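So the protein sequences, as listed, match chains Z and S. Quick note on numbering that gives the first Met the number 0: the first sequence kicks off at 0 and runs consecutively. Quick note on numbering that gives the first Met the number 0: the second sequence kicks off at 0 and runs consecutively.
Treat the hints as calculated values from the structure; they're not laboratory data. Since the model is a prediction, treat every value here as computed from it, not as a measurement. Some hints could be false.
Not the full set, but computed from the structure, chain S residues with beta-carbon under 7 Å of chain Z [as the list claims (entries may be wrong)]:
no.	residue
1	82
2	104
3	114
4	117
5	118
6	142
Which stretches of chain Z does chain S cover? Using the computed rule of at least three CB atoms under 8 Å from a CB of chain S, they are [stated by the list, open to error]:
no.	segment
7	10 to 16
8	32 to 41
9	167 to 177
10	422 to 429
By construction, the Cβ of each residue, glycine as well, lies at the ideal position given by its N, Cα and C atoms.
Residues per chain are reported as follows:
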Amino acid sequence: MSQPGIIHRARRVVTLDHAVPTAEAVAVRDGVILGVGSVEQMRAAWGPLPVDDTFADSVLLPGFVEAHSHSLEGAIWAWEYAGYFPRLGPDGELRKGCQTFDELIDLLRRLDAELDDPTESLTVWGFDPIYFPGERLAAHHLDVVSETRPICVIHASLHLITVNTALMEREGFADGCDVEGVPVGGDGRPIGELQEPPAMSLARREMLALWEVLADPASLRRFADMARVVGCTTVTELGATRLSTDDELALWTDAAAVDGFPARLVALLNPARGQPGTPDEIAQHTVAIRARSTPRARFGVVKMVLDGSIQGFTARLNAPGYLPHPDGTQRPNGIWLIEPEQFSAWFDAFHRHHVTVHTHVNGDQAVDLLLDTAEAAIASHSWLDHRHTAQHTQLTTAAQYRRMARLGMNANIFSNHIFYWGDQHRSITVGPDRAARMDACSTADREGVRYSVHSDASVTPLGSLHTMWCAVNRVTASGDVLGPDERISVDRALRAVTVDAAHQLRMDHEIGTIEAGKLADFVALGEDPYDVDPIALKDIEVRGTVVGGEITGPPA
Amino acid sequence: MTPSGGLWNGHRVPFTLLGGYLGAGKTTVVNHVVRNPLGRRLVALVNDVAAINVDAALIADHVGTTLSLTNGCVCCAIADDFAQTLEQIRAMPEPPDHVLMELSGVGEPARVAPWANTAGFRLDGIVVVADTDQIVELADRDYIGDTIAAQLASADLVLSTKADLAADGGAAARSLIRSITTAPIIEVINGVIDADVVLGLDPPRTDPSRTVLPRMVPGTNRHRAAPVGRYETSIVDVGAATLAELEHLLVGLPTDVIRAKGLVQCSDQVVPIEAHAVGRRRAVRRRGDLDLSRADNRLVVIRLA
Ligand SMILES: [Zn+2]
Numbered sequence: 000m001s002q003p004g005i006i007h008r009a010r011r012v013v014t015l016d017h018a019v020p021t022a023e024a025v026a027v028r029d030g031v032i033l034g035v036g037s038v039e040q041m042r043a044a045w046g047p048l049p050v051d052d053t054f055a056d057s058v059l060l061p062g063f064v065e066a067h068s069h070s071l072e073g074a075i076w077a078w079e080y081a082g083y084f085p086r087l088g089p090d091g092e093l094r095k096g097c098q099t100f101d102e103l104i105d106l107l108r109r110l111d112a113e114l115d116d117p118t119e120s121l122t123v124w125g126f127d128p129i130y131f132p133g134e135r136l137a138a139h140h141l142d143v144v145s146e147t148r149p150i151c152v153i154h155a156s157l158h159l160i161t162v163n164t165a166l167m168e169r170e171g172f173a174d175g176c177d178v179e180g181v182p183v184g185g186d187g188r189p190i191g192e193l194q195e196p197p198a199m200s201l202a203r204r205e206m207l208a209l210w211e212v213l214a215d216p217a218s219l220r221r222f223a224d225m226a227r228v229v230g231c232t233t234v235t236e237l238g239a240t241r242l243s244t245d246d247e248l249a250l251w252t253d254a255a256a257v258d259g260f261p262a263r264l265v266a267l268l269n270p271a272r273g274q275p276g277t278p279d280e281i282a283q284h285t286v287a288i289r290a291r292s293t294p295r296a297r298f299g300v301v302k303m304v305l306d307g308s309i310q311g312f313t314a315r316l317n318a319p320g321y322l323p324h325p326d327g328t329q330r331p332n333g334i335w336l337i338e339p340e341q342f343s344a345w346f347d348a349f350h351r352h353h354v355t356v357h358t359h360v361n362g363d364q365a366v367d368l369l370l371d372t373a374e375a376a377i378a379s380h381s382w383l384d385h386r387h388t389a390q391h392t393q394l395t396t397a398a399q400y401r402r403m404a405r406l407g408m409n410a411n412i413f414s415n416h417i418f419y420w421g422d423q424h425r426s427i428t429v430g431p432d433r434a435a436r437m438d439a440c441s442t443a444d445r446e447g448v449r450y451s452v453h454s455d456a457s458v459t460p461l462g463s464l465h466t467m468w469c470a471v472n473r474v475t476a477s478g479d480v481l482g483p484d485e486r487i488s489v490d491r492a493l494r495a496v497t498v499d500a501a502h503q504l505r506m507d508h509e510i511g512t513i514e515a516g517k518l519a520d521f522v523a524l525g526e527d528p529y530d531v532d533p534i535a536l537k538d539i540e541v542r543g544t545v546v547g548g549e550i551t552g553p554p555a
Numbered sequence: 000m001t002p003s004g005g006l007w008n009g010h011r012v013p014f015t016l017l018g019g020y021l022g023a024g025k026t027t028v029v030n031h032v033v034r035n036p037l038g039r040r041l042v043a044l045v046n047d048v049a050a051i052n053v054d055a056a057l058i059a060d061h062v063g064t065t066l067s068l069t070n071g072c073v074c075c076a077i078a079d080d081f082a083q084t085l086e087q088i089r090a091m092p093e094p095p096d097h098v099l100m101e102l103s104g105v106g107e108p109a110r111v112a113p114w115a116n117t118a119g120f121r122l123d124g125i126v127v128v129a130d131t132d133q134i135v136e137l138a139d140r141d142y143i144g145d146t147i148a149a150q151l152a153s154a155d156l157v158l159s160t161k162a163d164l165a166a167d168g169g170a171a172a173r174s175l176i177r178s179i180t181t182a183p184i185i186e187v188i189n190g191v192i193d194a195d196v197v198l199g200l201d202p203p204r205t206d207p208s209r210t211v212l213p214r215m216v217p218g219t220n221r222h223r224a225a226p227v228g229r230y231e232t233s234i235v236d237v238g239a240a241t242l243a244e245l246e247h248l249l250v251g252l253p254t255d256v257i258r259a260k261g262l263v264q265c266s267d268q269v270v271p272i273e274a275h276a277v278g279r280r281r282a283v284r285r286r287g288d289l290d291l292s293r294a295d296n297r298l299v300v301i302r303l304a
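Working from the sequences, and respecting the hints, build out all of it.
Pasting the structure below:
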């Protein structure tokens with residue numbers, strides 16, 4: 000049965016629809032936008048609808064769309080945050096973080112006291128050693144908290160953990176260990192740092208728990224809660240999950256079917272994650288699971304990964320490659336994650352079955368392989384509106400963007416890198432010139448490629464305002480501006496995190512702008528992004544979101 | 000110290016990595032070893048279970064991606080990350096005798112090798128399969144040429160497949176491989192190779208009656224016997240060496256040694272010392288988990304004939 004509808008009055012409605020760029024109000028019925036205009040116009044058109052003033056002092060925009068994130072962003076909040084910077088949790092509460100070792104120990108002591116079972120391990124995450132240059136976190140620091148309870152501190156990079164002696168004793172390596180990535184002290188005993196996933200796997204129960212929590216519906220709820228807190232109404236899982244079986248699909252649809260679920264989830268299928276069958280069968284499966292989509296859990300788009308990361312020196316680069324090691328020796332090129340033949344077979348099958356393919360390509364050589372592969376597939380089968388998308392696309396050159404434009408492809412640019420790793424890219428990975436043209440939004444615009452910008456949460460924190468801020472200002476963590484010519488306008492950045500993000504997810508007919516007939520997904524902000532100093536974009540207050548016409552609330 | 004979780008009481012299962020590009024013949028080698036494990040309880044980690052022609056009759060039950068075989072073999076598809084795949088093996092109540100992991104065509108064994116030394120496992124060696132007819136072209140191919148070279152450079156042993164099909168008898172392939180690595184090159188015809196060459200000379204834990212002597216040509220092969228005369232086995236008496244002398248001896252073994260293995264009571268050590276060679280990889284290990292009485296002070300050595 001149809002509801003009567005409602006009119007949301009706002010300080011301003013910013014629609015991103017060129018026909019009606021701003022308005023006083025937006026009318027909504029059954030989760031769908033009836034129209035935008037003045038309250039009077041809405042009533043004249045749609046009858047005497049009630050007016051809701053929840054957002055009367057706020058600016059309403061289309062809800063932000065994060066087109067490259069991972070549900071780990073929600074899963075990780077199963078444990079307490081121990082990072083350096085204050086951070087909002089999925090409950091909307093600010094965690095003040097740990098600015099000193101003493102604060103970290105105090106946090107661990109408090110959490111230790113809350114646990115009844117003396118053998119239950121204690122995990123915290125987000126610790127960033129970069130901000131503690133004087134001292135290296137080690138087991139002896141954590142042993143002060145407990146000599147019996149295993150303790151595991153996950154570093155912000157997710158490539159390092161520090162554990163206490165009790166944990167090493169439980170796993171039998173407190174006296175010594177021949178696994179790579181386990182540094183030892185003067186006495187030959189491990190100091191408690193476990194570097195890179197093989198060594199991290201020595202903390203067996205803690206790492207297993209991390210995998211298990213990813214399959215917990217509560218993690219998807221926290222992911223959506225986190226989205227609400229930062230103003231995203233649609234967030235994505237880019238292929239780190241499995242979508243083969245009914246159970247694997249139901250994890251998403253069931254979690255999102257709960258009343259008041261505060262975001263839309265789009266889960267992309269990754270054929271390399273154990274999806275059985277020939278390329279044709281996998282493409283057919285992807286088409287088939289579209290029918291399993293629900294209003295708040297969507298399937299049917301594909302993600303593949305070609306190379307690694309630039310900061311990990313595993314992205315595939317064209318000449319001249321990475322800067323040499325500090326001692327002058329050449330660094331090898333990065334790694335491929337799929338054989339070119341396998342990639343081509345999958346890509347071609349998806350294209351023929353009209354499935355949009357998103358491909359992780361950090362390095363410019365990986366971009367070349369993507370473009371070669373896409374060109375062959377596009378030439379062999381006519382599908383003009385394919386929307387195939389280069390993900391991350393960090394070192395993509397102007398020539399590559401020209402080719403991408405001719406092929407009708409999209410990009411999703413990892414703008415957050417400029418802030419989080421820009422200084423390192425300039426000095427360690429690729430040097431100042433190539434760092435200046437990394438994440439080249441302005442070049443993509445100039446060469447005619449439609450793009451979004453993203454966080455890759457939880458590689459960097461979820462938050463479209465912060466991602467916009469990165470693309471608009473290109474300020475690094477040290478405060479420098481990296482490649483000022485690649486900065487873009489607030490308007491361009493806003494489109495990137497709304498309608499253009501929706502476009503590459505094949506949802507721009509439903510979301511991404513505020514216009515009649517689209518889904519009523521909004522974010523309420525304290526300021527109009529067009530009015531603030533661009534350097535203050537990231538500090539705009541997020542006051543709430545509306546998903547499918549419902550004002551979302553904090554977790555119960 | 001052993002883990003409180005009891006992970007096989009400190010025993011570490013030898014773990015062999017099998018690399019090589021698409022079409023090199025990795026699957027054929029895995030198939031052959033899985034069918035002829037020479038008494039081992041083998042876990043084979045493969046990229047695609049469907050590609051492994053395990054007889055349906057060998058399969059006792061099928062749980063998820065894990066196949067439990069009555070004949071003592073288990074196949075897992077590497078569907079997820081290494082961590083989760085290895086946890087599936089660690090969860091087995093009894094340790095297998097050996098793990099053989101097939102990498103993807105672009106997998107670089109040296110980068111994966113640290114996983115083979117994690118809880119419950121120890122790296123046995125890296126075996127890289129090269130198609131005699133294809134490898135020269137691959138090493139020069141766009142995008143993947145350096146990956147092919149990195150795979151060969153990390154090899155302890157190179158299996159050169161389809162040598163019988165190469166027009167030049169494999170001369171060009173051999174010279175390319177030799178320009179990258181000094182690892183022994185073993186020519187393989189039809190994927191037929193002795194499991195002791197691929198997996199080493201470990202006696203299966205489940206069959207104490209089996210000697211450490213390799214069975215070069217088992218009569219029970221269901222296909223064809225391994226090509227006779229390609230390898231020769233010898234026994235080297237170590238005597239009462241010190242650890243340093245044993246290491247010296249091991250490093251001094253000729254470059255065409257494919258496999259060597261022995262348990263030695265060194266004159267200056269209180270626990271038995273295991274000497275272990277896989278092609279270029281030579282290592283000694285303290286084996287505090289083994290009784291000194293098991294040390295027979297000799298190395299079994301397999302060499303190219
Ligand atoms: Zn990602």
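Which of the numbered hints above does this structure break?
-> As far as the earlier hints go, 7, 8 and 10 are violated by this structure, in ascending order.
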